[in-house]
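Enquirer: Chains B, C and D: place on chain A using the hints.
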Amino acid sequence: MADIAVEGLAHVYREGSVRALDGVDLRIVAGERVALIGQNGSGKTTLVRHFNGLLRPTEGRVTVDGGDAGSLTVAHLASRVGLVFQDPDRQIFSGAVRSEVEFGPRNLGRRGAELAAAVTAALDATGLSGEERTNPYDLGQSRRKLLALASVLAMRTPVLVLDEPTTGQDARGVERVRAVVASATAEGRTVIAISHDMRFVAETFERVVVMRAGRVVLDGTPTEAFAEANREVLRSTFLEPPLSATVGHRLGLGSTPTDASLLDGLRAKLAGG
Amino acid sequence: MSLELAGVGYRYAGAGQPSLLDIDLELPEATVVGLAGASESGKTTLCLVASGLAPRTVGGRIRGTIRLDGEDVDAWPMHRLAERIGIGFQNPATQLSQVADTVFEEVAFGPMNVGLPRDEVIQRTWDALDALRIADLAERDPRRLSGGQQQLVATAGLLAMRPTHLVLDEPTAQLDPAGTRLVADAIARLAAAGASILVAEQKTDLLAEVASRVVVLDAGRIVRDGPADEVLADPALPELGVAPPSAVRLRRAASAAGIDEAVLGTLDG
Amino acid sequence: MAGSDHLSELHVTGRDVPAFVGRPGPSAFHRLNPLTKATLATVTAVAAVVLGGLIGPAILVAVAVIGPAIAAGVLGRLVRTALLLSLPIAISAFLVNLFFLPGAETVLLRIGPITATAEGLAFALEILARIVAISGAVTLFYLTTRPSDLVVDLERRGVSPRVAFVASASVQTVPAMVERAGQITAAQRARGLDTEGSVWRRVRGILPIVGPVILGSIAEVEERTMALEARGFTRPGRRTLLWAPSDSTAQGLMRRGLLLGLLALIVLRITGVWP
Amino acid sequence: MLVRWIAAVVGFVVVVAVGIVMAGGIPQSGEADPVTFAFQAVADVLALVLGVALLVGIVIYLVLERIQTGTNASVTSQFTTRTLILMPIAIALNIILGQTVAAALKVPIYLDSIGTILVGVLAGPLAGAATGFLANVLWAYVIPPPFQYPPAAAFAIVAAVIGLLAGTAGGLGLLRPRVGRPTGQLVIGGAITALVIGVLAYVGYLGYTAILGPTNLTPSSDNAIFVVLGWIALALVVVTVVGLFALLVLRRDLTSTYVVVTGMVTGIVAALISAPIAAGVFGGVTGAGTDFLVAAFRQGGADIGAATLGQGLISDPIDKITTFFVVYLVISAMARRTTARFPQGERLLDQEAAVTDEPGEWRGATT
Chain A
1 MADIAVEGLA HVYREGSVRA LDGVDLRIVA GERVALIGQN GSGKTTLVRH
51 FNGLLRPTEG RVTVDGGDAG SLTVAHLASR VGLVFQDPDR QIFSGAVRSE
101 VEFGPRNLGR RGAELAAAVT AALDATGLSG EERTNPYDLG QSRRKLLALA
151 SVLAMRTPVL VLDEPTTGQD ARGVERVRAV VASATAEGRT VIAISHDMRF
201 VAETFERVVV MRAGRVVLDG TPTEAFAEAN REVLRSTFLE PPLSATVGHR
251 LGLGSTPTDA SLLDGLRAKL AGG
Chain B
1 MSLELAGVGY RYAGAGQPSL LDIDLELPEA TVVGLAGASE SGKTTLCLVA
51 SGLAPRTVGG RIRGTIRLDG EDVDAWPMHR LAERIGIGFQ NPATQLSQVA
101 DTVFEEVAFG PMNVGLPRDE VIQRTWDALD ALRIADLAER DPRRLSGGQQ
151 QLVATAGLLA MRPTHLVLDE PTAQLDPAGT RLVADAIARL AAAGASILVA
201 EQKTDLLAEV ASRVVVLDAG RIVRDGPADE VLADPALPEL GVAPPSAVRL
251 RRAASAAGID EAVLGTLDG
Chain C
1 MAGSDHLSEL HVTGRDVPAF VGRPGPSAFH RLNPLTKATL ATVTAVAAVV
51 LGGLIGPAIL VAVAVIGPAI AAGVLGRLVR TALLLSLPIA ISAFLVNLFF
101 LPGAETVLLR IGPITATAEG LAFALEILAR IVAISGAVTL FYLTTRPSDL
151 VVDLERRGVS PRVAFVASAS VQTVPAMVER AGQITAAQRA RGLDTEGSVW
201 RRVRGILPIV GPVILGSIAE VEERTMALEA RGFTRPGRRT LLWAPSDSTA
251 QGLMRRGLLL GLLALIVLRI TGVWP
Chain D
1 MLVRWIAAVV GFVVVVAVGI VMAGGIPQSG EADPVTFAFQ AVADVLALVL
51 GVALLVGIVI YLVLERIQTG TNASVTSQFT TRTLILMPIA IALNIILGQT
101 VAAALKVPIY LDSIGTILVG VLAGPLAGAA TGFLANVLWA YVIPPPFQYP
151 PAAAFAIVAA VIGLLAGTAG GLGLLRPRVG RPTGQLVIGG AITALVIGVL
201 AYVGYLGYTA ILGPTNLTPS SDNAIFVVLG WIALALVVVT VVGLFALLVL
251 RRDLTSTYVV VTGMVTGIVA ALISAPIAAG VFGGVTGAGT DFLVAAFRQG
301 GADIGAATLG QGLISDPIDK ITTFFVVYLV ISAMARRTTA RFPQGERLLD
351 QEAAVTDEPG EWRGATT
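Protein chains in written order, with our numbering: chain A, 1 to 273; chain B, 1 to 269; chain C, 1 to 275; chain D, 1 to 367.
Chain A on its own, in the form it takes in the complex (with noise of 0.2 Å):
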């Protein structure tokens, strides 16, 4: 239902200055679970505002569900794609959590059992339940996190970005984040999201793109993006495969981006041989 479709699309924040995208092409069909990632600068964060029209084309094109994102207007688009910031100190206003968690819903026109509903469920996801009245900035940076994630969660969009969820979490907090991704999949939303943590990003996703300087370099499942014909080129954006897929490839089992791959490839090996 939200398929978003971005051709040719190119972005210069100033006239003269370097080219921040540089011919990005990519489809995300509805429901996909999709990994963006690359060194600061590649044009990560550039790309995903042009998804809810925080940014608007240079160059190119992008739809979503067939509109033109560059002519719709943010409002509108905010129904469709939600995008969680990576600082949750540039969002909160709110002097208790659960009117920060209503503001988007209501902003979408959401009211009564149905606001209530959308918000006791982002808040149930990001284990901040107990915390509906307490003063945002009584909490700490990475429960704060949680927060930003629950307030745009709550608006329901079918689409849903995350720019480094997992920063500043703790393993728990890391755990909570992939429940939080998996269960809107589960819901038939599409999630994207921007991550530097490579074992994250190889077990919570299923496609992974690699940006570098503006472009995609990389496109596939973390199979195939992690496997060892492209180290070199994940080297070249400083990244590094998972330790599962180095000692897989050490062992010739091919490419075993997780642990768990790892280990059935091993059974395998074991059992043939």
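Simulated from the structure, these hints should not be mistaken for lab results. Think of the CB as a built atom: it goes at the ideal place given N, C-alpha and C, for glycine as much as any other residue. Treat the hints with care, since some could be wrong.
What the hints assert, rightly or not - Have a look at the derived ranges for each label pair, beta carbon to beta carbon: (1) D/Gly173 - B/Ser2: 41 to 51 Å; (2) B/Glu261 - A/Ala30: 34 to 44 Å; (3) B/Arg80 - D/Gln68: 25 to 35 Å; (4) D/Arg251 - C/Ala58: 50 to 60 Å; (5) A/Ser17 - C/Arg77: 18 to 28 Å; (6) C/Ala58 - D/Gln68: 45 to 55 Å; (7) B/Arg80 - D/Pro144: 31 to 41 Å; (8) C/Ser160 - D/Arg251: 33 to 43 Å; (9) C/Arg156 - B/Arg189: 36 to 46 Å; (10) B/Val263 - A/Arg231: 14 to 24 Å; (11) C/Thr195 - A/Lys269: 51 to 61 Å; (12) D/Phe245 - C/Leu263: 48 to 58 Å; (13) D/Ala73 - C/Ala58: 42 to 52 Å; (14) A/Asp22 - C/Thr195: 27 to 37 Å.
Expert: Chains B, C and D in isolation, oriented as in the chain A frame:
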């Protein structure tokens, strides 16, 4: 040359419960001690207490003793401690002084504050820039650098004070892999050159790489303390909110699946 | 402190402050001591107000603003900036005085119920002359002086390092806060805040944007405080300065002369002796 | 100690005397000075002189303290590192909001003292005064366009006095939350709030009628711009008033009454001090939205001094009530631990049971 915490407890102003209890910790010369633990387990608080910022800057109440080279520092003012212990934080941007137009002036800020002779300030600034291999950034505007570069500039600002101890609170949390690499290499190099470093990190892969000893905190108490490879291989880590390093996880998964972990071979690098 | 020296691997001796720190300005006027330029700007602005009328401010602008601007090679930018700065005030001055000066009788023009008067025009011009003089004087200072030059110079003269810190940090904070406001606007629009359209919608958008600007900045105060104190900020007494703008006895005399002149002008004006 | 106080008082008196003598000589821009408004002009100048004298007295006290003791103990307690970090934020807020609201939106209020009042309330009167003063000086001299605003420097003295008043209000604990008060107190508070707002409305009404005549009460009718601006101003006022009463009723927070009273006092003082500056230096115009009010008064026949004072007495109390209200909201949204660590922070938090100290071993910072 060591920083010693003995029986240290700390409670924030207005807090009912102490955030740290019964901390015994020694930071010897030329070692990196890793600090692990879940969010709100007391890692940041321990960094603040070890560096002297708590209670001097953040208020609150403390007990126990902190010794620097055997000397009790209880009565030292913050600016005196600042010449011996440097502390870095996770957000590179908030560590910039906001008054420097160039990286050179940013790094010189600390030595200027403590009123060192001008030549000494200049010498130390160049030395610190060289130690982190960022002398080529000297002329740049610190606000216009990448996060990783800013973190190195902030660290150079600490080094310019020539501290005997460095405390780093999640120095790579907000950095991309390239920035993390820069900072990790710098930590390893500084320790090799004799520095004593306490580094709090969620990224246990990084601790496995740079730390020789690891301390794990839970609810304000030290619950594990030992050689890095032993502590990081502790099966109870996940219950303490700490993700084991990739290599440990992989070995454990292999043995759980009935596969001899030796098959995996060496897992370093 | 034997161990401390291990922290830096290299010891290259005899290196000085790099040339880019405190680099002198392009013209002789730029290179005047910042306090001299600040004195000139302030005296010009105050004198224009004290003198009043049209001719006084006009002479002041020619001598103390246009002349130095040509010498410094910034005339073009000065005219553009000063006009930009005085435009809103000038428009107000004309609107308020040209049309609404009480007691004015000589009607120049009648637009509906509003009348423009000759007395109003004269008075508006007088106000305009002052505003142009003030804007010009301040703009000349701004265009030829880096804020850090002034702050360093004041600190060298004994102004508290803390005041110097606040001044420098404020200069950096203004653009940083504008940037922050831009990021926040993006984040809130992504949450469905509609900032386009009717006045009411814009008014409703103020809180979700201004709120995080203030609260987010305050949330960083704690970290900044710790980072600063960890770098010896609280040590009492003077700091070491790496450089300072040059000054000379002649400039010191000039500053005193300017201030004495201004004082004399004020006394003359108040006692009604001149003009 | 005594010497310092005596010197400060002497300085204050001298400045007042000189100011009053000078006041006779302040040029009225060659304009006829209607007798009706003469006493107002004197009152204006008096407030300005008193403001300057107050600051001079403070400076004398501090200088002597420095000479006698080598430090400024009374100052340093307000200027902690935390205060010094907050000040640039406050100054930037003043400048950005002031420039946007006054110059761009053309609304007849200023909103250029939120930072000043915030620092004053959190850190103390001198910190507030320093913030206001520095903000206006920097605004004029070193902040690059489009935020540069040369006239600001002339009003630095006003900003300093606002900071002084805000600091005193914060130190007296006027902005401490008073949530969940009994209905009786709330009714009294509501009555006072309504009275103050009523008085303000009445003053505004009187101002208009005195100057424009009772039949001319709607100056807007002949000029569309007055109508629009009037409505925006009215909207802001209504939002503030509604917000204050909402606090009073929903949170049962009596502090909204304190906010109104403090804001009004600060506003009246600011108006009295700033009017002669605006009139004498800029002929009553500053390029901001308030100019339209001045124009309205002048259209009704008031001279410059009266028109700027009239404008000030309408704009300033509304502006300061709004600003104190915003600052109160900001402080209640701040993390408790952040507020508590500022010099006057403890006086802005509702008192809770003090944490019982375990005996002996726990100690605070010893330096």
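Enquirer: So, for every hint listed, does it hold in this structure?
Expert: Evaluated hints:
The supplied range of 41 to 51 Å is met by glycine 173 of chain D and serine 2 of chain B, whose beta-carbon atoms lie about 47 Å from each other. At about 42 Å, the CB distance of glutamate 261 of chain B to alanine 30 of chain A agrees with the hint of 34 to 44 Å. Distance hint check: the CB atoms of arginine 80 of chain B and glutamine 68 of chain D are about 27 Å apart, consistent with the given range 25 to 35 Å. At about 59 Å, the CB distance of arginine 251 of chain D to alanine 58 of chain C agrees with the hint of 50 to 60 Å.
Checked against the hint of 18 to 28 Å, the pair serine 17 of chain A and arginine 77 of chain C passes, with Cβ atoms roughly 23 Å apart. The beta-carbon spacing between alanine 58 of chain C and glutamine 68 of chain D, approximately 50 Å, falls within the hinted interval of 45 to 55 Å. The hinted window of 31 to 41 Å between arginine 80 of chain B and proline 144 of chain D holds, with their beta carbons roughly 39 Å apart. About 41 Å separates the C-beta atoms of serine 160 of chain C and arginine 251 of chain D, a value consistent with the hinted range of 33 to 43 Å.
As the Cβ distance of arginine 156 of chain C to arginine 189 of chain B is approximately 37 Å, the hint placing it in 36 to 46 Å holds. Roughly 22 Å separates the CB atoms of valine 263 of chain B and arginine 231 of chain A, a value that falls within the hinted 14 to 24 Å. Range check, threonine 195 of chain C to lysine 269 of chain A: Cβ separation about 59 Å, and the 51 to 61 Å hint holds. Range check, phenylalanine 245 of chain D to leucine 263 of chain C: Cβ separation about 52 Å, and the 48 to 58 Å hint holds.
For the hinted restraint 42 to 52 Å between alanine 73 of chain D and alanine 58 of chain C, the CB-CB distance of approximately 51 Å keeps it satisfied. A C-beta distance of roughly 29 Å is found between aspartate 22 of chain A and threonine 195 of chain C, which places it inside the suggested range of 27 to 37 Å.
The structure meets every hint from the earlier list without exception.
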